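Colleague: Letter by letter, the chains look like this.
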Amino acid sequence: MSGVFVGMPAFPEAVRSAVRDERLRRNLRHATHTIRDKRARAVAELADWAELREAGKRIKDRTLRHLDAHLLRLEEAVTASGGTVHWAADSDEANRIVADLVKATGETEVVKVKSMATQEIGLNEHLEAEGIRAYETDLAELIVQLGEDRPSHILVPAIHRNRGEIRDIFRDTMGRWGRPAPEGLSDSPAELAEAARLHLREKFLRAKVGVSGANFMVAETGTLVVVESEGNGRMCLTLPETLISVVGVEKVVPEWRDLEVFLQTLPRSSTAERMNPYTSMWTGTTDADGPKTFHLVLLDNGRTDALADEVGRQALRCIRCSACLNVCPVYERAGGHAYGSVYPGPIGAILTPQLRGTASEVDASLPYASSLCGACYEVCPVAIDIPEVLVHLREKVAGQGGKGHRLEKAAMKAAGWVLDHPGVLAAGERLASKTRGLHPRKLPGPGARQWTDHRDLPGLPTEPFRDWWKKNRPADPPGDRA
Amino acid sequence: MSQNSRERILARIRSAVADAPETPDVPRTYLARHTPDDPDAVLDLLHENLADYRAHVHRTDEAGLPALIARRLEERGARRVVVPDGLPAEWLAGTAAEPVPDDRLTPAALDAVDAVVTGCALAVAETGTLVLDGGPGQGRRALSLVPDLHVCVVREEQVVASVPEALPRLDPRRPLTWISGPSATSDIELDRVEGVHGPRTLEVVLVRGARFAAG
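Sequence order for the protein chains is A and B.
For the first sequence, the numbering used here begins at 1 and goes up steadily by one.
For the second sequence, the numbering used here begins at 483 and goes up steadily by one.
By construction, these hints were calculated from the structure, which means they are not laboratory data.
Quick caveat: nothing in here was measured; it's all calculated off a predicted structure.
Check each hint, because a few of them may be wrong.
[To be verified] Sample of chain B residues facing chain A (criterion: CB under 7 Å; computed from the structure):
| no. | residue |
| --- | --- |
| 1 | V499 |
| 2 | T505 |
| 3 | T511 |
| 4 | R515 |
| 5 | V565 |
| 6 | L587 |
| 7 | P589 |
| 8 | L604 |
| 9 | T609 |
| 10 | P646 |
| 11 | R655 |
| 12 | S665 |
| 13 | L672 |
| 14 | G680 |
| 15 | T683 |
[Said to hold, decoys possible] Just so you have them, the derived chain B footprint on chain A, three or more residues with Cβ under 8 Å:
| no. | segment |
| --- | --- |
| 16 | 55–66 |
| 17 | 101–115 |
| 18 | 286–298 |
| 19 | 306–315 |
| 20 | 333–346 |
| 21 | 355–368 |
| 22 | 375–389 |
We put the beta carbon where it would ideally sit given N, CA and C, even for glycine.
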């Protein structure tokens with residue numbers, strides 16, 4: 001998989017500079033706290049949230065179990081509706097397919113809907129090298145593109161920027177890409193949104209090729225779904241003559257009806273809205289409405305590797321809502337860039353190492369980028385047990401030798417010493433049992449306290465198992481009874 | 483190349499899930515709707531939720547519709563209004579704005595129009611959503627996108643309570659646009675701001691139906 005941030009240090013090193021950046025921490029704290037409270041209220045409006053979550057999880061699991069059949073059905077339905085389906089095993093192939101399709105139109109620029117899949121494969125950079133300019137049209141993506149920056153959040157890639165920084169980026173760079181920012185631009189979000197509207201409108205109106213991802217693909221009908229807020233998605237999906245959608249294979253759902261679950265859970269989980277402002281659904285091409293040519297590029301790029309892992313495959317349920325980022329104490333402090341991937345936060349910590357393996361130091365360190373507090377699992381609208389997958393991936397990283405995480409090694413070394421010295425272990429256990437009444441219910445310190453906000457500390461037994469065993473073991477070892 | 487990848491990906495999927503346990507049927511124990519079966523309450527909820535996301539909502543009956551549309555266009559200063567095929571002629575009977583028929587207008591030509599008046603396929607009360615499907619009086623998707631003012635007429639009998647009630651009534655073969663309030667963004671500090679690329683003003687006219695005609 002490409003899309004690796006070049007020269008990216010491992011998570012712990014990357015975090016060290018992030019936590020020292022006070023402005024970054026303030027921006028992140030403000031944004032994530034704003035959204036997490038709103039999300040909780042939006043979710044509380046639905047009395048059947050738990051049932052919707054369970055249904056979403058089960059739909060995804062069932063889809064993944066027969067993914068081949070659903071993809072074939074999708075391909076048939078899209079083709080029957082006038083679309084063309086391409087299959088890309090990896091990012092290189094996907095990039096090549098898209099570049100060739102754009103070149104075949106004779107155009108040298110495309111307008112893009114915000115899409116995680118095209119970021120993952122590094123499509124913009126590839127197109128640039130082929131002489132094709134890709135314009136990001138989502139406001140946050142535009143901020144990232146103009147600022148020559150990297151995305152740091154799934155939903156709001158410029159979450160690390162505050163309004164003042166955004167104003168500066170617009171003022172300094174818009175003119176180089178097209179229509180300059182209005183004179184005297186202030187940092188009010190409404191004025192900034194207006195500046196983006198003016199800047200991008202000329203690009204929408206002349207665009208001949210649009211590139212998108214999709215939130216869902218319905219196998220039964222061949223319908224693609226894009227969920228958005230600003231209307232830039234509608235512009236890219238509707239005005240150009242050619243539309244190219246690059247979509248991960250796991251985004252398929254079997255039936256039209258399945259959308260009734262995700263259209264309720266996704267907006268509330270991601271932007272805390274009952275419904276996002278705009279959702280576009282299209283099936284192939286339609287006479288005299290929208291693009292005349294539609295290409296769907298189905299992307300593997302490591303997804304089938306994740307699918308083969310019986311614990312890790314649940315990460316493929318993800319609908320990219322980003323609720324797990326907004327509640328994560330580690331993400332809040334570290335920021336998105338430290339994860340070294342377009343998928344930051346808790347979901348990134350389990351998705352990235354599965355999509356591109358754990359050979360690099362940053363990828364091997366990702367399963368450790370968590371306190372295992374479990375807040376991510378609680379908010380996940382498709383019930384991905386992120387802590388379970390993290391622990392599973394840690395086992396894999398530790399087992400691969402050489403590249404194992406230093407902390408893990410240090411901890412195992414210490415544990416090994418204690419286990420090799422039974423006297424030390426027994427003394428420690430007894431001391432812990434005797435002092436039970438003094439143990440706090442919550443851990444002290446800001447990070448640790450959040451861990452125990454969501455769970456109690458496990459209680460310690462009245463006496464160590466080893467002591468209990470000495471007193472209670474049967475006179476005859478059980479093995480002798482046979 | 484692509485053909486090989488197709489077979490390769492399918493083979494990889496089959497081998498990845500070969501030993502996976504069979505998955506049981508999906509439990510659909512969630513609610514079909516969250517709102518009591520009372521048309522007045524459902525209409526009120528639609529009104530409330532549309533307004534909550536900064537749409538401007540008005541109510542009228544069939545007879546009052548032309549005058550109300552004319553007033554909305556006039557107050558917003560709309561001089562040219564694009565007319566989708568199949569829009570009932572009487573809807574625009576009261577307006578002084580110049581009607582612009584959709585003769586395959588280019589995006590740039592559409593950008594020079596001030597407003598669009600459309601009907602819809604249905605509306606969803608619980609989420610405050612209008613769904614357009616390109617049917618008569620709705621036009622192709624660009625019409626309700628490029629002009630800065632969208633006036634959308636919803637008849638009472640087009641209102642459903644919930645998303646699960648909406649999907650079976652929609653035809654997935656038609657291009658569908660779900661609209662919940664005017665264009666918005668949360669991209670600056672995760673704070674919602676209305677008005678980016680889609681119409682910055684959404685006026686919704688709820689039309690009371692035959693239920694009230696007798697009274």
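Colleague: With reference to the structure, classify each hint as holding or not holding.
Modeller: Hints and how they fare:
1. Below 7 Å, beta-carbon pairs count as interface contacts, and V499 of chain B has one with chain A at about 6 Å; its hint therefore holds.
2. With a cut of 7 Å, the hint placing T505 of chain B at the interface with chain A holds, because the nearest CB-to-CB distance is about 4 Å.
3. Of the supplied interface hints, the one on T511 of chain B holds, with its beta-carbon coming within about 5 Å of a beta-carbon of chain A, less than 7 Å.
4. For R515 of chain B, the interface hint is violated, the least distance from its beta-carbon to any beta-carbon of chain A being 10 Å, above 7 Å.
5. Interface restraint check for V565 of chain B: the shortest CB-CB distance to chain A comes to about 16 Å, outside 7 Å, so the restraint is violated.
6. Look at L587 of chain B: its Cβ only gets to about 12 Å from chain A, farther than 7 Å, so that hint breaks.
7. Interface restraint check for P589 of chain B: the shortest CB-CB distance to chain A comes to about 4 Å, inside 7 Å, so the restraint holds.
8. The closest approach between the C-beta of L604 of chain B and any C-beta of chain A is roughly 14 Å, which is over the 7 Å cut-off, so the hint fails.
9. Annotation: T609 of chain B was flagged as interfacial toward chain A, and the flag holds, the nearest CB pair being 4 Å apart, inside 7 Å.
10. A least Cβ separation of about 4 Å between P646 of chain B and chain A falls short of the 7 Å threshold, and the interface hint therefore holds.
11. At a threshold of 7 Å, the smallest CB-CB gap from R655 of chain B to chain A is about 5 Å, leaving the interface hint in force.
12. For S665 of chain B, the suggested interface contact is upheld, since its CB lies about 4 Å from the closest CB of chain A, less than 7 Å.
13. Given hint, L672 of chain B at the interface with chain A, holds; its Cβ is 4 Å from that chain's nearest Cβ, closer than 7 Å.
14. A cut of 7 Å between beta carbons decides the hint on G680 of chain B: the least distance to chain A is about 3 Å, and the hint holds.
15. Proximity of T683 of chain B to chain A is violated relative to the hint, the smallest CB-CB distance being about 13 Å (cut-off 7 Å).
16. Counting residues of the segment 55–66 of chain A whose CB lies closer than 8 Å to any CB of chain B gives 8, which reaches the minimum of 3, so the coverage claim holds.
17. A count of 0 residues in the segment 101–115 of chain A with a Cβ less than 8 Å from any Cβ of chain B is obtained; the coverage claim is therefore unmet, three being the minimum.
18. Here's how the segment 286–298 of chain A fares: 5 of its residues keep a CB closer than 8 Å to some CB of chain B, so the rule of at least three is met and the hint holds.
19. Under a criterion of three residues with beta carbons nearer than 8 Å to beta carbons of chain B, the stated coverage of the segment 306–315 of chain A is upheld, 4 such residues being counted.
20. Proximity of the segment 333–346 of chain A to chain B, defined as three or more residues with a beta carbon under 8 Å from a beta carbon of that chain, is not established by the 0 residues found.
21. Closer than 8 Å: that is the beta-carbon criterion, and the segment 355–368 of chain A has 0 residues meeting it against chain B, so the requirement of 3 is violated.
22. Under the rule that three or more residues need a Cβ within less than 8 Å of chain B, the assignment of the segment 375–389 of chain A is violated, with 0 such residues.
Violated hints for the displayed structure, listed by number in ascending order: 4, 5, 6, 8, 15, 17, 20, 21, 22.
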